[in-house]
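There are 2 protein chains.
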Amino acid sequence: MRAGPSQEEIRRHNLGALLRHVHLGGPTSRAELTSRMGLNRSTIMALTADLTAAGLVREELPRETGRAGRPSLVVRPESARVYVFAFDVGVDRLVAARVGLGGAILDRRETVRRRGPFSLEEIVGPLAGFARQMRRKTRPDTVCVGAAAAFSGGVNRGNGVVRFGPNMGPAEDVPFAEEMTRRLAFGMPVKVGNDANLAALAEHSRGVGVGCRDLIYLHGDVGVGGGIIVNGQLLGGHAGFGGEIGHMVVNPKGRLCGCGSLGCLEAEVGERTLLEAAGRVPGAVSVATGPGAVPVAAGPGAVSIAAGSGADGHETPRSGADGRRERLIGRDAVRAVVDAADRGDIVAQAALSRVGDWLGLGVANLVNVFNPEMVIFGGMLREVYLGSAAQVRSRLAVDALSASREGLRLRTSALGDDATLMGAAELAFAPVLADPLEALARAGS
Amino acid sequence: MRAGPSQEEIRRHNLGALLRHVHLGGPTSRAELTSRMGLNRSTIMALTADLTAAGLVREELPRETGRAGRPSLVVRPESARVYVFAFDVGVDRLVAARVGLGGAILDRRETVRRRGPFSLEEIVGPLAGFARQMRRKTRPDTVCVGAAAAFSGGVNRGNGVVRFGPNMGPAEDVPFAEEMTRRLAFGMPVKVGNDANLAALAEHSRGVGVGCRDLIYLHGDVGVGGGIIVNGQLLGGHAGFGGEIGHMVVNPKGRLCGCGSLGCLEAEVGERTLLEAAGRVPGAVSVATGPGAVPVAAGPGAVSIAAGSGADGHETPRSGADGRRERLIGRDAVRAVVDAADRGDIVAQAALSRVGDWLGLGVANLVNVFNPEMVIFGGMLREVYLGSAAQVRSRLAVDALSASREGLRLRTSALGDDATLMGAAELAFAPVLADPLEALARAGS
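Protein sequence lines, in the order shown, are assigned to chains A and B.
Going by the numbering used here, the first residue of the first sequence is number 1, and it counts up by one from there.
Going by the numbering used here, the first residue of the second sequence is number 1001, and it counts up by one from there.
For the record, the hints were derived by calculation from the structure and aren't laboratory data.
Check the hints yourself; a few may be wrong.
[Claimed, not checked] To spell it out: a stretch of chain A is covered by chain B in this simulated footprint if at least three of its residues, at any positions, have a beta carbon under 8 Å from a beta carbon of chain B; those stretches are: (1) 192-204; (2) 226-236.
[Unchecked claim] Far from chain B, some chain A residues (derived; all Cβ distances over 10 Å): (3) GLY55; (4) THR111; (5) ARG354.
Note that the Cβ used here is the ideal one computed from N, Cα and C, for glycine as well.
From just these sequences and the hints, can you work out the full model?
Here it is in structure tokens:
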């Protein structure tokens, strides 16, 4: 019930809207911007001139034009000049990247991590180091306009405090955003969001969900998370913890979840459950190499499946030296189950069928509650869905209301393993897209 | 990514914002409006003058002022002059009301209905008749600015087609909004929304949820529905079917739901389940009086608990003539179970405990997915919650993530049985609050 915006606010809004067009849509002609934004040509010219003067876009002749007459100038984001730092803190890996306006990854560093409890320093140290390495390599005329991280755990939107979940270590509140900001010392705050939430945002902005106003993104890592777009906006909830669909109870007499409940979606469709059902996590056998192997889950039958890695090391799938079935972990292990099922392995088929059944029930619940246009399977749930689509669909047919599933599309992530990282980049770009000149002034100061 | 609004759009927005202030907040001084809307005094004066000239508000001296000096004029909605028609189509009753700007019910008609399948005419006929009766009694200077209905069933937002649910008759798409519009012939379209969705809107606008940007409203009638407010907006979903939380499966090996699934929240916490568990629906005994008694649920052990009523009749709770336990239906029956539990009836206590357990699990799932600030229990779930709050809270403590339930408030509906009707009124008022002068011009034409 606030009053309407002033002329100056409108101009800022329009500058941001134009920049967002070229950031998400790529190089766009002035004529197209005029028609898409519903503004007249002289306004588009003025806005483009302002953004050009600020070094955020440049105008050039289109590479090729099939038409006669003077071609409309194309407005192109200054991708090599204007960038953000994006970070991804997963259970298995740490990634840092420099992402240019327009979404191109300009530079990237990654380290595979051992699974299990870890200290804040073990995350912040490598990420800050990567960022400084990448920054040293930039040209003097470049400008960093933001930094943000995708974090595998609960994130308090207000203060950037993250809550370690059961897959990261003991539940604990950690001032991640504050510490990253201090360690980077780039003169700008590092924002942080839940990884699945940010992946949803990325798929919505530049992935398979472009144009959908209502979508649900399910993310499988070691745990299961989600990001939900409602009427074009990410569902954050009261404090930013919204979207924890992995802890929706689907089977109240089911498996013990790391959160302490029985039968959470995560407990029924997570990586560990699938691998166990497929007979690929033999009881109490560790495949860890080197020190640092730790139990992944509590409760009876806990199994160590951690693999050690150095700060720059890359873990590789390995075959058991004793000739038994490969004991892969993570995405590779899930892929191996799907491949085995494709080749006719009935144990793998049964495992996928069981997991697909619970996955379908969880999706049906979400479809009834949200009536989304699209459900996207990402992370390791991409593989699970591809291996159990028939089961998922058959559950949906039973448990989702016909009205709510009419027109529903089931899709897999378009951005793949980079969805979380690209979501962090979008979070980092948000201020410059909301108010380009103001954000640039802050970045330059 | 549209361009910003024009000056004229800003003025319309501000007129609507001011009108919404006095519609929801009641009589408000110019000084308060100036501070709340963040506009200067002369703008508020000009807006008020426009709304006064249109007959939507009037200015007057406050009744009493404790301060010295010239008191600020109070802006008051023209409640007796500007009104909407609001309708409520429930499983048990049909209600029509004339609701004035500001939310006062000026006139009201209600009929109790038999439960069970019915034709479109059996709904539209009585409601249109009521509306015409009420309209004939209005003064010539009054103006009707809208009409809307709350409907117990799925509603397609695009075309106002309603989908009868299992509690209303066989699943069928019915052009309710179109038929109501035709029969009323008031020269304006009748809008329609799902009853629980609209009740959520009403609680958010002028009930217990005022000021909450993220809330979940659970509505118990014969079935269980819901309305969800995300970031201040009603969650509609892709086609308007969002919020069907009654068909979230919480117990996959549970009771058969009218929708065909097993263990939906509705099947585990609905009126029929509670009454059965409390031993208050003896097998296959009908308490219907007169013709028209029909089975309420399919499947083995189906029981007739319908009660007949005339078009204007009121059903009254009755004691069994044979001296057995009272066989009430609907809200009264649920209240009787809660009262019995309070008096120490262990069967009633066990029934409430069981239902409260499932209700708590359902709420925990929603809390994990939405991280709401408030959960509101309405309709017959108000009584169920009051009788099982300890059970609900204990389930939440186990199954909701600690981060998501921090600061969560559990509340009962403030608007009670009128929540759905008041939600319909808000839907009907929406156009005049969005663009007052334009809506008034359309109404007067």
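Hint by hint, here is what the structure shows:
| no. | hint | result |
| --- | --- | --- |
| 1 | 192-204 | violated (count 0) |
| 2 | 226-236 | holds (count 7) |
| 3 | GLY55 | holds (22 Å) |
| 4 | THR111 | holds (28 Å) |
| 5 | ARG354 | holds (13 Å) |
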